[in-house]
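Going down the list, the protein sequences come from chains A and B. Under our numbering, the first residue of the first sequence is numbered 7, with each subsequent residue one higher. Under our numbering, the first residue of the second sequence is numbered 3, with each subsequent residue one higher.
Calculated directly from the structure, the hints in this document are not laboratory data. Cβ coordinates follow ideal geometry from the N, Cα and C atoms, glycine included. It is possible that some hints are incorrect.
[Said to hold, decoys possible] Just the calculated beta-carbon pair ranges, DEER-fashion:
hint, chain 1, residue 1, chain 2, residue 2, range
1, A, V21, B, K139, 52 to 62 Å
2, B, N83, A, I47, 40 to 50 Å
3, B, A151, A, K48, 25 to 35 Å
4, B, G51, A, L44, 29 to 39 Å
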Amino acid sequence: MNYSVVIPYLLEGTVTALKLFALTLLLAVPLGLLVARLRAIKNPLVNLPVKFYLLLMRGTPLLLQLIFFMYFPPFVLGISIDRFIAALIAFSLNYGAYFAEIFRGGIDSIPQGQSEAAKVLGFSSWQTFSKITLPQVIKRVIPASANECMTLVKDTALAQTIGVFELFRAAQNTTSREVSIIPIFIAGAFYLVMNSVVAAIFNRAEKKLSYYKG
Amino acid sequence: MQSEMNPNTDKPVLEVKSLRKAFGSLEVLNDISFSVKHGEVVAIIGPSGSGKSTLLRLINQLEQVDGGEISVCGQQLCSNNEAGNAVYSDQETMRQIRLNIGLVFQNFNLFPHFSILRNLTEAPSVVLGKRKSDAEKKARQLLDKLGLADKAAAYPWQLSGGQQQRAAIARALALDPEIIFFDEPTSALDPELTGEVLKVIRSLAEENMTMVVVTHEMAFARDLADRIIFMDQGLIIEQGTPDEVFNSSNERTKLFLRRYHE
Ligand SMILES: Nc1ncnc2c1ncn2[C@@H]1O[C@H](COP(=O)(O)OP(=O)(O)O)[C@@H](O)[C@H]1O
Ligand SMILES: [Mg+2]
Chain A
7 MNYSVVIPYL
17 LEGTVTALKL
27 FALTLLLAVP
37 LGLLVARLRA
47 IKNPLVNLPV
57 KFYLLLMRGT
67 PLLLQLIFFM
77 YFPPFVLGIS
87 IDRFIAALIA
97 FSLNYGAYFA
107 EIFRGGIDSI
117 PQGQSEAAKV
127 LGFSSWQTFS
137 KITLPQVIKR
147 VIPASANECM
157 TLVKDTALAQ
167 TIGVFELFRA
177 AQNTTSREVS
187 IIPIFIAGAF
197 YLVMNSVVAA
207 IFNRAEKKLS
217 YYKG
Chain B
3 MQSEMNPNTD
13 KPVLEVKSLR
23 KAFGSLEVLN
33 DISFSVKHGE
43 VVAIIGPSGS
53 GKSTLLRLIN
63 QLEQVDGGEI
73 SVCGQQLCSN
83 NEAGNAVYSD
93 QETMRQIRLN
103 IGLVFQNFNL
113 FPHFSILRNL
123 TEAPSVVLGK
133 RKSDAEKKAR
143 QLLDKLGLAD
153 KAAAYPWQLS
163 GGQQQRAAIA
173 RALALDPEII
183 FFDEPTSALD
193 PELTGEVLKV
203 IRSLAEENMT
213 MVVVTHEMAF
223 ARDLADRIIF
233 MDQGLIIEQG
243 TPDEVFNSSN
253 ERTKLFLRRY
263 HE
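Based on the provided sequences and hints, a complete structural model is requested.
Structure follows, in structure tokens:
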């Protein structure tokens, strides 16, 4: 096996995987925050659609959602869609739902006295959220978010089912070309390296926020 | 005690008229009326569940009034419409009223992610737009006064309960309120720590701070308050000077006080 060909090929797939990972986070985290806040609104016109979205995204396979966003636009709406964009939409909506639930748990776990104290001191509701609630929520959701991010690194492999060339696809291509299973294990090592970086970043954030309790 | 030459002195800082509040079908407050004059210290006593916290929460806009009137420093927070239901003033008036009032909670509610200093400076700088250096100067003076000068850089979890409650009082004072409410400020503290908090409240009374204190510390109420309000089951049973209330002939008052003497 010619490693000087195989490794760059696998790295090319890795770049796509990382791109999908980073862009998904960039979209899913704000979406999750927004959805978590909308879900808390008592008006059923707001929170029923939100609950339906959460159920749909968490209740059906991500694989199915990928296929949906790949084939729904061209065959039903007559719009062509780039494979990578379809994957990005499916991943963002799916992970947005999981992040929303993580953030909701985090927000609910902050004692009500915190926002009451802020209100009595004259903070507006946005100031209360951004200065008092959110910083405390971030600390509490770090462990669950770390899990979610590590899963996302691995889930990018699913994008190949709609033809996105990413790391796992690259590994499989190489495996059939070289008639060797080794590229699959190299890809495994790549995922492991990516996730050790993710884990290290979250560990650092956790340490940084350990200056206070509660 | 000196009387100030301020023409506002005789106008009540707080005026509450015929206040009503129910949670669902549970009537928690019924026809509550009282007022607090400038520099006055009013203690509210009564069994738990009698509506004391709810009363403070209504005045501090943490709960919605059903009916009746609340005015703070001559500004009306809410008043009745023809149907006898409370209607609130505009947002700006509500905001101004909020800034004239301080509230100290039973369980402190300090912001755990801020240092003690920042707990005191955050509202003045974010809400009032004070310069950071001005806010810090004032905060340090307050911490000094309340015996917490060496805790400015500490975080709430590093303080004892008594120190946390003193910091919470300092945080309320940092906004220069016209009146401060205390909701059982020592109830969450170990007995040996209540003294330091009561001492702070006492020193504020000596400076003529207008205060309403919900408390179960009968000796403290008797000793410090200009007036005592006794509440039971959502009603003000009686109000008067400590002597009047502690020597009351009212059966409910007597029963309550006897229980607290044991
Ligand atoms: N948010 C609420 N929802 C329903 N009932 C409440 C709420 N807050 C207080 N209550 C009820 O109102 C009554 C008065 O409570 P509270 O004002 O806390 O009394 P106190 O402070 O005198 O002990 C109690 O019966 C309590 O259970
Ligand atoms: Mg209470």
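Each hint, compared with the structure:
For A:V21 and B:K139, the hinted distance range of 52 to 62 Å is satisfied, since their beta carbons lie about 53 Å from each other. Against the hinted window of 40 to 50 Å, the Cβ-Cβ separation of B:N83 and A:I47 comes to about 27 Å, which falls outside the hint. Distance hint check for B:A151 and A:K48: the Cβ-Cβ separation is about 45 Å, which falls outside the suggested range of 25 to 35 Å. Between B:G51 and A:L44, the C-beta spacing of about 36 Å keeps the proposed range 29 to 39 Å intact.
Taken one by one, the earlier hints fail for this structure at numbers 2, 3, listed in ascending order.
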